[in-house]
Each structure stands twice: as structure tokens, then as C-alpha cells.
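**Student:** Protein sequences appear in the order of chains E and X.
Taken in order, the first sequence gives residues 1 to 391; the numbers are from this note's numbering.
Taken in order, the second sequence gives residues 1001 to 1391; the numbers are from this note's numbering.
Misleading hints may appear alongside valid ones.
List time: in silico EDC-like cross-link candidates among lysine to aspartate or glutamate, alpha-carbon distance up to 16 angstroms [unchecked claim]:
1. X/1314 to E/91
2. X/1098 to E/123
3. X/1236 to E/207
4. X/1098 to E/341
5. X/1235 to E/207
6. E/235 to X/1207
7. X/1314 to E/207
8. E/314 to X/1091
9. E/342 to X/1091
No wet-lab data here; the hints were simulated from the structure.
Protein chains: 2
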Amino acid sequence: MHVFKKEEYQERIAKTKKTMEEWGIELLFVSQPANMNYLTGYDGWSFYVHQCLLVSLDKEEPVWIGRGMDANGARITSMLSDENIYQYADDYVHSLIKHPMHYMADIIKKHGWEKKVIGVEMDQFYFTHRAYVELEKSLPNATFKDANTLVNWVRVIKSENEIEFMKIAGQIASNVMKTAQKHIAPGVRECDVAAEVAKAQYKGVGEYSGDYPAIVPLMMAGEATKTPHLTWSEKKYENDEAVLLELCGVYRHYHVPIARTLYLGEQPPKLMVDTGKTVLEGLDAALDMIKPGVLVEDIEATWRRTIEKTGLVKESRIGYSIGVNYPPDWGEQTISVRPGDKTVVQKNMALHLIPGIWLDDVGFEVDASFYVTDNGVKQFFDDSREILVKK
Amino acid sequence: MHVFKKEEYQERIAKTKKTMEEWGIELLFVSQPANMNYLTGYDGWSFYVHQCLLVSLDKEEPVWIGRGMDANGARITSMLSDENIYQYADDYVHSLIKHPMHYMADIIKKHGWEKKVIGVEMDQFYFTHRAYVELEKSLPNATFKDANTLVNWVRVIKSENEIEFMKIAGQIASNVMKTAQKHIAPGVRECDVAAEVAKAQYKGVGEYSGDYPAIVPLMMAGEATKTPHLTWSEKKYENDEAVLLELCGVYRHYHVPIARTLYLGEQPPKLMVDTGKTVLEGLDAALDMIKPGVLVEDIEATWRRTIEKTGLVKESRIGYSIGVNYPPDWGEQTISVRPGDKTVVQKNMALHLIPGIWLDDVGFEVDASFYVTDNGVKQFFDDSREILVKK
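Taking the hints into account, I'd like the entire structure generated from these sequences.
**Tutor:** Printed below as a string of C-alpha cells:
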């Protein structure tokens, strides 16, 4: 039931092993759900308990280790052979005495890997401090190295199949945004719009099923437009208020985000209109110069140069890499479009540029989600970026 | 905009400080989103970057520290005074050089807390190993102690207001399950049902807005009933297959899970009917004996004794504590209904009993979500627990 052909996973594993060699890592302990999915197809909402994938330079196929009740899920959704699926007993879950890392260390020993250089994802949310402590204690002869974002960097260049998945996600994203724009109106409750948005996200478009987003609909109205990352309540939309929408479309965990600004009333305030114009000019300038070979920091510099004449200042990064992901983040934690990011842009990278403005006196959001082609970019959707004014 | 009165948060903080004293902790570094929400009302999807709440025995109000763009979100949603909201610059995000913990350590020093006994949530998914390493390096004179689940244990006894919220979540849960049962039928795509379920979850019931669930709809059909934790695809439901549904209702992040089993066809297989009967008998026996004073492990023992005559064996825990939560888990990581859990049941605890069966030859799920009263339990919904047979 894994979604890509076995050969594609094998290619990803080969690339991962090559990077492991470059980083000086013999055994990779993968805990991020997106990385586990990327390498094997494994797909279950089981990441609220400890689980991992072991990739060893001396073994062809990775080893999956998870909770007993999820082993059948690994058998159904991953491309792994049965012999490479290991399950720990349920009394390891949220126990003060036993820890799943003890079992995982046993499996590492069983394979003779206990003296290896083991890479762990040290700043991943699914690898806790205690996980590290218990693993280190159980494997006193191993050497631990930080392998944070190792697989994430392998994920940065998409395969043609992944680009196809993201194009579908882009269609879903476009439909999701249209759904939100259609339903938002003065007097309508935020939660009723959120409900329609979620429905569109899960349903997908045409023959393609949508999937759950790594970030739920972010819908800031009125006072909340000072900040990103808020959700919804029973509050009704009002006349003469702005609404910032940061949504996405997802196909088989591949994310394409979409952000737009709406204004309910006759005419948005001048500051918002002017801010919108500046942001769009900066975004267009950035999109125009992206092609293989440019540095990521130069994308941001182009944006910055374009808007500086207006006095608008944007202190946060204006974008990041996107692809397959699970909650809590659809960003890949690799490329950040900001000063100092010396990554060289390459064909089939996928990026989300979102130069959002969240100030006390004005909020504005617009974005572009695209992949890099031979000589420029190709956007996953091309919906109007203007402020949608609804009376 | 915080949802409870300030006094309720103050009471929760007082209880937390009392527990800190008992555990020998002077400064508590809280990173779990549910704990941050519980203590201050803070509510934003910002937990994909490092953030924290500092609770100190020598300071009345906690201190929130997060990413710059989320500080206005803290001002809007939490009950904290402006002076207790600190924000770090954006170049700390996903950087290889700077780490948010450096900034957090600076704020700890600014308050003169750098030599304190600092409790950190060592096995929480939002506190990574690197977070610990950077914090420890930046605060060489501090003593670190594991404060994992300290606030979670404070959360175990619900206030009357929280029980009211969960009753609303229970109404939403019941409606969510009815929605799923209504839409599932042979020939219907799983994703179309998931879409209706999400809509019902987000919309809520009557005047009450729903919220996003900490676990998305789990909907296992056909072969997938061997395992929990799978989601949906374009696959159409078929005749003569079972569907396991593990859903929930959420009101302001308070969760009430609901699980039921459906069969599409004339008559479910005898093994499923028999398993269902056994599970229900065991569940009823467990529910009957719960009241203040009994031990949690005795709930499981009652279940086990009731079903053992049939030969059915359930190796995983049969339940856990529920309340306010954020992805990836609606369980509180405190009480686990299994052998060895000596927690004494108290009034206003809220539990989810879900003795799910996921075997190669049969899958069955049913549950009860309830709180403990003076002399028994009160369920958050009382929908039929029988297998729903749909032709």
C-alpha cells in the first residue's frame, strides 16, 4: 500500500546512506515522522509514542521499531519486509520504569551495531532529551553524533513523482483558498468557515484524496491580524475587518501552502493597500530572479532591496523549503530564505515564499509555492494575489 | 481573550507551585503546549518552534518566551501581563549557530534564576535533546531535574469549568460519530467521509465552536482493521467489511474521544460479534466499579477478570486520562489503565477507556469517555455501543 514504487524508496535510502558517509555516520536513528515516511512509506498517527527507523550502512533495508499495536500498520503502509519490523510491548508506553529506547537499544545490539557511530536527530521534536539519555546509557560503546536534518536535506531535491504529488496538492490548495474566500462574510462564524476549509482539505479535488495538514487552518481576523498562528472560535466576522488566511492543500502528506488577505467592507485602509502593493512588488522581484545557481540569501536580498524604499521592514525569514510533512510543521527545517543562507538553488527544490506582515497597525499575508525548473520557477497555483475585497 | 477567568489560571499556577515544592523544583521550564495553555490560556499553532513558560516559586506570574511574531498572539490569548512576554529574534529559528535556548537562558539570568533547581520536561516531544544541551551549556550553575508530567499531574483533577467544557466536547463527539456513521456506505470514498467528520469536528454543536483534534480521524477499514492509527485515502468502502472509527469532539482544546465499530453488510462475522460482546461486558464491568478510592490498576484487573473466560487477551493498556490537549496526543501521559498503575481514583478525574482489539483475524473498537463523580462515573455521551450494521 506504500504510495511510491519500491525503487523510489531504495533511491532515497541510497542518497541517505551517501550523506551518512559524508557526515561520518554509520547508523542513522531516524525519529521524524516525515523522514520515516520518506524513506519507507510508513504512515500512521503513531508518532505520539517513541518510534524510529534505523538506517545502517551495512544493511540494505532500514529497520522499523514501534509500538506493538502499530506493527501491522508498518506492514500495511511501508515497503519494509516483515523481518525488518520490530515491536515493543505496551508497558513501555508512558512508563516511569521502562523506556522504549531500552528496547530499541536491544535491537541495535542484536544487529551488532552497538559500537557504531550513531547519528540521532538531536533537535527534532520527536526525539526527546530523555530518549537520548536512555539510548546513550543503554549503548555505552557507541559514539553519538548529531544527524539533525540529515534526511531533511536529502528531501530538499524532489523527484519527478514528488513534484507531481505537489502539483495535485497545489490544486487542492487553490480549491481550499477559494472555499475560505467564498464562505467568509460579515456575520458568519469563524468556526463554520474553518469547517468548510477542513472539509475541502480532507476531500481533495477530483479523483485525488486530500490529507490532514501539518498545520491547521490559520485564520486571523480583526485584532488577531497582528499575529500569525491563531485559529478560530465562535466569533463572527465583522464589517470593516481584515482576515489573514494561511491554509494549504495536502496530497499524501505533500504540502502546498497558500496564504491570502481578505477585507470585509467597502475599501481596505490605505496602509493595508500600500503594504500589500509593496509586499507583492518584493515577492515578484524575488520570484523573477530564482533559478538554479543563485544563492538562497540573494532571494531575500532582492526582496529587501525592492521594498526598502517604502520603509517597510520584515525581520523574519521570508520562506523555506516544503514537501512531505507531518504535524506540527509543513516546513522542511532546511532552507530558510534569509541573510546568511548560502544554499545554492537547484532544480526541483520546492519553496514557500511568505513575506507576511504582522504589525500592530497592519497585517498582510500573501505567498507563492513553487518548484525550481531548469531556468526559473513553476508555481503550484496561480490564484490572484490581490486583497480580496468582500462587502 | 483567555477562556477561563484569571482566578482559575491563578489557582492552577498555585497548584503547580505546590507540586514544584514537593518535587524540589524552584523554576519550572514548561514546553508542552497543553501545559502552557493550561497555566495561562496561551493558544497558538506556534509549537513547531521552541517556546516555553517559566514558572518560578519567587514570582507570581509565569513568563512566556517565544518567537517574535508570536508575542502578539501571547498578548491576545493569554492572561499574562505584557511585561512577562519575551520574544526572540527570527534568526534563532532553525539556525545552526544560534539556538532559542540561548535567549531563554538570558531571560532566566535576567530574573536571577541561573543558580536555581530548574525542572524541565525531559520526555516531552516539544523539548528536544538539543534544547537540553544548549540550556545546560548556557546555565552552568543551575541544577537540572526531570519535571516531566509535573503539570500533567496537576491537570488530572478537573475543575467544574473544565468538566463543563468536556461535556460540550462530549456533545460534539457524539455528533461527529453520528456524522461518520451516516456517511459511511459501500461505494463511498474514505476521504469524503473524513471530510464530513472534520467539518463536524471544527463546526461544533449549536452555539459552541469545535476545535482541531490532537489526533485526526482514525478510520480503519477492511485489512486496516488489524491496526489502529491509520487514516484515509481515495479507497471506497466495500461490502462485507468492518470499519473501526476512533474520533473525538474538541471544545477549546478539551478532548472527548469516541470510538465505535461499523459493519457494512448483512451480518458481521461471528468472531467480531463475539469479540464485541466480550469487550462490552468487560467495559461495563470496569465502568461499574470505578469510584473515588479505587486503584487504577484494579479497573484493568476487573476488565481482565471479566473477559478471561473467553480466551480474549488484550496486551495494551485499556485507557488513560484526558482533558486539554494539542497534537500529537489527546492523552494526558499520566494515568495508564494497566497493571502497576497505583493511582487512586479521585472525583473529577476524566478518563478514556478504550479496550480496542486489533488482531490479524478481527478488529473491534468501542470506548467510554467519562469523569468521576462522588460515587461513580458520569459519561460524556451515551451513544449505543453495539456494532452498527449497515447494508
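**Student:** None of the hints should be skipped; say for each whether it holds.
**Tutor:** Now for the hints, and whether the structure bears them out:
As the CA atoms of residue 1314 of chain X and residue 91 of chain E are separated by approximately 12 angstroms, the hinted pair is consistent with the 16 angstroms bound. Pair hint residue 1098 of chain X plus residue 123 of chain E holds up; C-alpha atoms about 13 angstroms apart against a cutoff of 16 angstroms. Our distance criterion of 16 angstroms between C-alpha atoms is met by residue 1236 of chain X and residue 207 of chain E, whose separation comes to about 12 angstroms. Proximity of residue 1098 of chain X to residue 341 of chain E is assessed by CA-CA distance (about 13 angstroms); at most 16 angstroms being required, the pair is judged to hold.
A threshold of 16 angstroms between alpha carbons decides the hint, and for residue 1235 of chain X with residue 207 of chain E the separation of about 10 angstroms falls inside it, so the pair holds. For a cut-off of 16 angstroms, the pair hint linking residue 235 of chain E to residue 1207 of chain X stands: about 10 angstroms separates their Cα positions. A distance of roughly 39 angstroms separates the Cα atoms of residue 1314 of chain X and residue 207 of chain E; the hinted pair therefore is violated under the 16 angstroms criterion. At most 16 angstroms may separate the alpha-carbon atoms for a hinted pair to count; residue 314 of chain E and residue 1091 of chain X meet this at roughly 12 angstroms.
Only pairs whose Cα atoms come within 16 angstroms are accepted, and residue 342 of chain E paired with residue 1091 of chain X is accepted, the gap being roughly 14 angstroms.
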